[in-house]
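**Student:** Chains as they are written, first to last, in the numbering used here: chain W, 1 to 176; chain F, 177 to 577; chain S, 578 to 984.
Hints may be right or wrong, so weigh each one.
Here are some, though not all, of the chain W residues that point toward chain F, as calculated from beta-carbon distances under 10 Å [unchecked claim]:
no.	residue
1	Leu26
2	Trp29
3	Glu31
4	Ser94
5	Pro152
Each pair of labels, with its calculated beta carbon distance range [stated by the list, open to error]:
no.	chain 1	residue 1	chain 2	residue 2	range
6	W	Lys105	F	Thr503	35 to 43 Å
7	F	His375	W	Lys13	31 to 39 Å
8	F	Gly494	W	Ala51	38 to 46 Å
9	F	Ser415	S	Asp655	55 to 63 Å
10	F	Glu362	W	Lys13	54 to 62 Å
11	F	Glu373	W	Glu47	46 to 54 Å
12	F	Arg554	W	Glu39	27 to 35 Å
13	W	Glu165	F	Thr503	28 to 36 Å
If you are wondering where the hints come from, they were derived from the structure by calculation, not from laboratory data. Positions of the beta carbon are idealized from the N, C-alpha and C atoms, including for glycine.
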Amino acid sequence: MSGQAFVDQLNKKFGDKISGANLENLDPWIEVTPDGIVEVCKYLKEESSLAFDYLNSVTAVDYLHTDAKKAAKADWEPHIEVVYHLFSMQHKHSLVLKVIMPRWKDDQEGKLPEVPSVAGVWSTADWHEREVYDLLGVNFTDHPNMRRILCPEDWVGHPLRKDYEMPLEYHGIRGR
Amino acid sequence: MSSLIDDPRVIEFDVRTDEMLVNMGPQHPSTHGVLRLALRTDGEIISEVTPHMGYLHRCAEKIGENLTPRQWIPYTDRMDYLAAMNMNLGWALTTEKLLKYEPPEKARHLRVIICELGRIASHLVGMGTYGIDLGSFSPFLYAFREREKILDLFEEACGARLTYSYITPGGATADLPVGWTQKCLEFLDQFEPVIAEYHTLLTTNAIFIKRTANIGVMSPEMAIDFGTSGPVLRGSGISHDLRRDGEEIYTAMYDGYAFEVIAQQNGHYPKDHNYPPVPKEAVLGDCWHRFYVRMLEVMQSIDLARQGIERYHAATDGYGEPLKLKTKLPKGEVYLETECPKGQMGFYLVSDGSDIPWRTRARSSSFSNLSVCEPLCRGCLIADIPAIIGSLDIVMGEIDR
Amino acid sequence: MAAFLSEYTWTWLAYIIAAMIHVGLIINLVAVAALVFIWLERKISGRIQDRLGPTRVGGKFGWLQTLADGLKLITKEDLCPDGADRFLFKIAPYVSFCAAIGAFIAIPFAGGAYPWIAQHLNTGVFFVLAVLGLEVFGVILAGYSSASKWSLFGAMREAAQVVSYEVPLGMCVVVPVMIAGSLDMVVIGDQQAGWFTNWLVFHDPFTFITAFVYFTCAMASVNRAPFDLAEAESELVAGFHTEYSGLRWSFFFMAEYGSMFSVSILASVLFFGGWNGPVPITDLLGLSGAEVGTLSWAVAQALGLANVLLKGLLGVCLMIWVRWTLPRLRIDQVMTTCLKYCTPIAAAMFLGATLWQYNFPGRAFFNLIPMSDAVLEVSEGWEVESNDPDEEEEQIARGPEETGGLL
């Protein structure tokens with residue numbers, strides 16, 4: 001199934017919950033609004049012509065230039081993207097979903113953006129979402145166990161954010 | 177009192193006893209590195225397993241955002257350090273996919289030879305350490321004896337024995353030395369009959385079967401749901417191998433190779449008459465099958481390496497010079513998974529048009545494979561935990577990255 | 578020996594001196610044997626695993642390796658964990674070690690009218706089993722007092738395992754005891770004099786199977802792989818001795834190898850002829866019998882000693898071989914092996930041997946089939962020997978002090 005066909009089918013079904021698509025990219029991706037992601041994922045998994053039963057990966061990308069000069073030149077506003085890579089064992093096709101949202105919820109620094117968790121759809125998402133939360137600071141609501149996974153529980157900050165700064169000191173260990 | 181135990185956490189006992197919290201690891205001999213399992217046990221029975229990882233976390237993904245793809249190759253070595261060649265390949269192919277670069281034919285066959293040898297080396301460790309997990313020490317040394325020979329071959333090809341950084345975007349850092357393929361063929365001829373030894377010591381050993389058959393049974397649905405991959409997935413009877421089902425850029429490497437996916441289909445493994453029979457105690461998806469799939473893959477990798485050597489000699493073009501250290505990456509993002517010994521290793525590369533990636537991400541197979549241990553270990557005995565964790569064949573370097 | 582010494586000094590002093598000599602000999606034997614076995618285990622495991630094992634210490638073959646390790650262990654700090662019960666923690670290794678060595682008191686190294694044995698007990702088999710069973714207390718104490726959960730797991734496993742394996746082990750031991758008609762190990766051993774066909778393992782099909790069941794159970798009761806669940810390094814880190822270091826740790830190993838040796842010697846006395854070699858070489862050379870001189874007697878006894886030690890060594894080597902070949906069983910499978918297989922088989926063998934004795938009283942399997950005269954002559958010889966009136970008189974003359982306090 002081609003990228004356009006996916007988009008058409010999803011658009012027909014979910015309307016404005018599919019907020020965009022990029023079909024020129026090497027791996028075409030479809031953009032979904034945060035409140036629609038669980039619904040869309042459930043449909044993608046259960047619809048037999050799609051049957052995306054395998055979740056390869058959940059990750060996120062932080063878009064922010066810490067350098068003011070570069071930020072002025074950039075053609076995007078600072079935002080964060082959660083990326084879902086899906087695969088179908090049955091049809092052997094794959095799909096990329098994206099949820100794009102601001103870096104902080106309500107533009108308040110320190111308030112993590114929220115996306116509903118898809119751990120109920122694929123169990124893979126459980127740990128992968130924990131990793132995204134840990135490293136990029138995206139809060140997955142309704143997640144069964146939203147804790148840090150790679151960093152220690154009392155770690156401050158989310159290391160893969162572009163504006164992250166290594167703490168000077170952690171439990172007496174020199175950081176920088 | 178019902179004798180049927182559905183969920184061991186809710187059993188009512190005649191005599192109430194306290195549950196015990198035990199820490200298995202991070203310095204435990206059979207957690208394959210620095211994995212820590214917090215066990216909630218009632219005597220010998222496990223009621224809950226909570227894995228804690230991150231002891232080896234060094235945020236390789238953040239490092240990747242400050243280096244060019246070729247510079248990041250050594251960091252991929254240190255992910256699955258038992259099969260570093262395959263890690264190199266995964267990242268090299270991801271970069272090539274973004275660059276739309278096509279390596280020369282000779283380089284492709286070179287990569288096949290090297291990666292299949294890497295797969296054998298990794299499965300040998302998996303097999304040997306599994307023996308140790310079950311209390312049998314000798315197969316480990318038999319496995320390492322053969323692995324050493326592979327490492328010798330690798331050393332000759334690239335100068336390193338563990339972290340090779342051999343396969344790079346573009347091809348490989350150097351061509352295979354003169355006479356290398358001859359040595360490799362000699363090794364394969366010598367190695368093939370040795371596998372029967374492993375089958376005698378482990379696969380068909382009565383105690384081994386008792387310890388692994390019907391332990392940690394994972395249904396195909398569960399295997400897919402938890403995103404497991406590699407031998408863990410195929411051990412549950414799902415015929416899925418990226419060397420056949422992967423993306424074009426990866427399957428092109430294996431074009432024309434005689435190759436079958438090792439997974440039990442309709443009660444039979446491909447060519448199973450050559451191998452020891454499946455014992456009647458074994459259930460599809462248990463530890464024994466995961467181990468068996470690994471052993472069969474070793475046989476298959478020998479075959480693939482032989483075919484690779486033939487094709488390598490037939491190819492006339494170059495081995496693929498590595499790309500320049502600072503190659504401008506086109507704007508865009510790619511995700512590519514390759515079939516590594518432990519499972520599907522995925523790399524995600526986002527580029528903003530400079531020579532340094534905007535975001536690198538490694539989706540590790542062991543990470544997803546390990547996530548299944550929580551439901552698998554529930555209700556088993558303490559002695560089954562090494563058996564289950566060992567059959568998942570995890571490498572902490574890859575999980576923690 | 579005490580009787581001999583009491584001719585020269587007070588009786589009480591004679592007993593003390595005799596006891597000291599015996600203890601000295603036994604401790605040295607066990608300690609040296611343990612050193613040799615540890616070295617042997619390394620060499621054998623090395624060869625099994627396609628490597629060399631120790632090669633350097635002591636010149637050739639690394640034969641001083643264990644001694645070097647012992648030196649290292651002595652210099653290590655004697656650690657005691659914070660939460661541990663210090664007293665129990667410290668005495669636990671000694672309990673194990675004493676039990677392992679104590680068993681040797683009643684083990685004969687050569688038989689005959691004047692057996693080489695520290696204390697000739699007419700319930701020797703019983704004594705050895707009972708004392709060997711005490712070893713488990715050391716392990717349980719160690720696990721209990723270490724303040725470590727892994728140690729506790731190991732101790733509990735050990736307790737469950739050893740207690741259940743005592744049952745089939747005891748049953749297996751009863752079979753040769755019944756055939757010999759005595760609990761006295763010297764009597765049991767002497768009955769097997771002559772050709773190897775007289776060994777109790779070849780007495781009848783039931784004893785043959787019993788010997789193997791005995792060996793399996795013995796391996797389990799001394800915690801050797803595949804039954805080494807109390808240590809189980811891949812599951813319980815190091816089991817009951819997780820928290821031990823230095824010399825105390827090595828005492829556990831001395832105890833383990835000591836008890837391996839003692840169960841192997843017990844097997845050799847009960848089933849494999851004890852001090853009687855496969856060929857009655859002393860008879861053929863004319864070294865045995867009532868009328869030979871002291872020197873000939875000593876040579877014959879020394880040959881007997883060599884036989885016992887060699888058979889014990891072979892038993893230990895077999896255990897080493899098994900350990901480096903097989904994976905470990907799980908705790909429930911160990912118990913299954915014991916309760917569902919070993920115990921019923923041992924019981925059935927006991928019953929079978931009883932019926933055999935009833936049907937063919939005093940006749941071994943090889944006596945039933947026609948044989949060459951020479952073999953028959955020798956194999957019938959033991960019946961005459963054991964009924965030797967001199968020996969019986971001798972036993973009566975020695976009195977209850979020497980034949981054991983239980984009578």
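**Student:** Under 10 Å is the threshold here; is the Cβ of Leu26 of chain W close enough to any Cβ of chain F for the hint to stand?
**Tutor:** Holds, about 5 Å.
**Student:** Hint says 54 to 62 Å; check whether the CB-CB distance for Glu362 of chain F and Lys13 of chain W agrees.
**Tutor:** 60 Å, holds
**Student:** Holds or violated: is the Cβ of Trp29 of chain W closer than 10 Å to a Cβ in chain F?
**Tutor:** Interface hint status for Trp29 of chain W: holds (8 Å vs cutoff 10 Å).
**Student:** Kindly confirm whether 46 to 54 Å is satisfied by the beta carbon distance between Glu373 of chain F and Glu47 of chain W.
**Tutor:** Since the Cβ atoms of Glu373 of chain F and Glu47 of chain W sit about 50 Å apart, the hinted range of 46 to 54 Å holds.
**Student:** Can you let me know if the beta-carbon spacing of Arg554 of chain F and Glu39 of chain W is within 27 to 35 Å?
**Tutor:** Distance hint for Arg554 of chain F, Glu39 of chain W holds at roughly 31 Å.
**Student:** Just to be sure I understand the hint, the distance between the Cβ atoms of Glu165 of chain W and Thr503 of chain F should be within 28 to 36 Å; is that true here?
**Tutor:** 30 Å, holds
**Student:** Does the interface hint hold: is Pro152 of chain W within less than 10 Å of chain F, judged Cβ to Cβ?
**Tutor:** 7 Å, holds
**Student:** Is 38 to 46 Å a correct range for the gap between the Cβ atoms of Gly494 of chain F and Ala51 of chain W?
**Tutor:** Hint holds: Cβ distance 42 Å, inside 38 to 46 Å.
**Student:** For the pair Lys105 of chain W and Thr503 of chain F, does the Cβ-Cβ distance stay inside 35 to 43 Å?
**Tutor:** 38 Å, holds
**Student:** Cβ-Cβ distance between His375 of chain F and Lys13 of chain W: within 31 to 39 Å?
**Tutor:** 52 Å, violated
**Student:** For the restraint on Glu31 of chain W, tell me whether the closest CB of chain F is nearer than 10 Å.
**Tutor:** 13 Å, violated
**Student:** Under 10 Å is the threshold here; is the Cβ of Ser94 of chain W close enough to any Cβ of chain F for the hint to stand?
**Tutor:** Holds: closest Cβ of chain F sits about 8 Å from Ser94 of chain W, inside 10 Å.
Hint violations for this structure: numbers 3, 7, all remaining hints satisfied.
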